[in-house]
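J.: Chain by chain, the residues:
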Amino acid sequence: MLTLEGAEPFIYRTHGALVANSPSVHYCANLMSARGPRKYVVSVVGQSAPSDLAHRSVLDEVVHPVVRRSGVDRIFRSVATSSAVITFILMGLIGGFLLVKGYDALKVAGWGFLTDSEWAPDQGGKFGIAAILPFTIQIAVVALFIAVPVALSTALFITEYAPRKMRRLLTAMIDLLAAVPSLIYGLWGLFFLQPRLITLSKWMADHLGWIPFFHVDDQYGTSLGIFPSSTFVSGVIVSLMVIPICTAVMREVFSQAPPGEREGAMALGGTRWGVVRDVVLPFGRGGIIGGSMLGLGRALGETIAVTLIISPAFTAKWSILDQGSNSIAALIALKFSESSTFGISALMAAGLALFIITLLVNAAASTVVSNSRSGSSTEI
Amino acid sequence: MTSIDTTSSDRTTMSSDISSLDPGHKASGLTASNVACWFGTKKVLEGVNLDMAPGQVTALIGPSGCGKSTFLRTLNRMHELVPSATLAGEILIDGVDIYRGAIPVTDVRRRIGMVFQKPNPFPAMTVAENVLAGLKLSGLKSTRSERDDLIESCLTKAGLWNEVKNRLGDPGRALSGGQQQRLCIARSLAVSPQVLLMDEPCSALDPTSTRRIEQTISEISETITVVIVTHNMQQAQRVSHRCAFFLAAENEPGRIIEEGPTKAIFSNPHDPRTNDYVNGRFG
Ligand SMILES: Nc1ncnc2c1ncn2[C@@H]1O[C@H](COP(=O)(O)OP(=O)(O)OP(=O)(O)O)[C@@H](O)[C@H]1O
Ligand SMILES: [Mg+2]
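Protein chains in written order, with my numbering: chain U, 1 to 380; chain C, 1 to 283.
Check each hint, because a few of them may be wrong.
Once the Cα atoms are required to be at most 27 Å apart in a straight line, the calculated DSSO-like pairs of lysine-lysine come out as [unchecked claim]:
id, chain 1, residue 1, chain 2, residue 2
1, C, Lys118, C, Lys157
2, C, Lys118, C, Lys165
3, C, Lys26, U, Lys165
4, U, Lys165, C, Lys43
5, C, Lys43, C, Lys165
6, U, Lys317, U, Lys165
These are calculated hints, taken from the structure and not from any lab test.
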């Protein structure tokens, strides 16, 4: 029987032959694990004599590994496992808390919670997320639509094109920007950006109005007055706070692109862009997705900036340019202090919806990230 | 079979297509004159003069840390990628200065290819895409059939074709270390270099793969000038026509102590230090 020390507890299909053929009972073997080819030490225990094994194609049979761990390994394993468990429990507690608190409201609203647009729990009226959830997503999408390309190019500029000194300065500045509280972005957006963005909004409504997103209802005309409190303006301001986070994550990942591969690409006559396209971007795919998802999480949950900008609306619409928008976080912030117990229960239910959306987005992202390669697998 | 980017196919009318690579070219000569190198303020090479004649294999030997890799990297402008690195002297390819001449740096690196000590195939690309990576990287257009021919001919020259012809669509990282190194050689050959620099290409490989690569070197040296760094004296004797012995005294920059036909260096060296080194007495 073969024992694999330090190997993950899986059944391995073998791949390749013995690479070290010493008289001892330990063999170094290239095995195919669930995560690609790895080198393992194979100890031979039981009746088979090592010399026999050396001549047999031992590693072409299916191996059932028996895992033995050292003391330190065990301690580290238990610490890591318990942290993971704590994280998991916390998530469960938050979800459970929202569910318990929101249960009263959900019971009353039933499926209407998903299909009703208005929000009047305290007036005994209907309430649901059919409008605020789409608004929340629209704002986040607008924010990412701006943030991801900007963050991607900024991160590439910093790691690939900027001179060394500027690189350090820019990195520090991006990290600093990522730490600025969102209220600051919100205030700046409200007083500086909003009055300037509305001319852009008007231009888009006038010239790109045939696209449903940019269409503005003619009954108002396209006077500047209808543009300030829109999905678009809040999305732009949210994008400001998302850009630094995305950039920081992407820059970090790009800067770890394997130097051996970079040099390989250069030595073939690669241009800078060639190196970016064939080495940095394939390597950084996980980071691009991870950074964007982190940004999406922040955009979905952004509260104060959106609250400052929007004028609350409760009818879902495609158009992002004109007056009226909403978001779950902003709704909770606006209504919390004036709600009865039942109203708060309804807000908790809305919070639960936001929580679930965020979880789904992150689960989707981590699936994509784990399917993309990691650089470490290039080791031989 | 493979998923090669086909959007750029059939556009041979473009000015920079694959035929500009001219596979029937002659090997080029490389001349280093009075080369000195620094890392920051530390001088690691001094007064290096070396003629690497067309179609010959030149071996660079010497103890660890004497500047062989540094010298090799000056020959195709990889040295300047190290942030603190500086350089003096001249490197000429067929008489044209590669640093101050009219040849763009990407062309210099394409004409003077490099194989690294550690195999570095592009892991996200398939075997076939790895071979063609140089074309893509330098923006050269080619047709589908040109590419298929190139894949086969380069992998054959690198002694890898028979092993991978049925796995051209596998990722490059799925090959063994020796196969990866031969893939890297095939990848370098695909852009038709006139000179190929190899920095201890066999140091991570088993004897069989090493022999394959030595064979490859002998075969390609008719059309490609080869400069190889090696710590293996037998290998130097087997593959090279000429040999240069580098040595750095303590706290001093490395220099070429002796340079000449391989036979002479190994059987009848002028300098006692060369004699000691090639006979394994130090370093
Ligand atoms: N990036 C670097 N920064 C600073 N010093 C360096 C750098 N690379 C190499 N050196 C120094 O330059 C000298 C020559 O190094 P080089 O790598 O050329 O030696 P080598 O002859 O190739 O050795 P080996 O046979 O071990 O590969 C060494 O003293 C080394 O410490
Ligand atoms: Mg070296």
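J.: Compare the structure with each hint and give your call.
T.: Taking the hints in turn, this is what the structure says about them:
no. : hint                 : result
1   : C:Lys118 to C:Lys157 : holds (20 Å)
2   : C:Lys118 to C:Lys165 : holds (23 Å)
3   : C:Lys26 to U:Lys165  : violated (43 Å)
4   : U:Lys165 to C:Lys43  : holds (24 Å)
5   : C:Lys43 to C:Lys165  : violated (47 Å)
6   : U:Lys317 to U:Lys165 : violated (48 Å)
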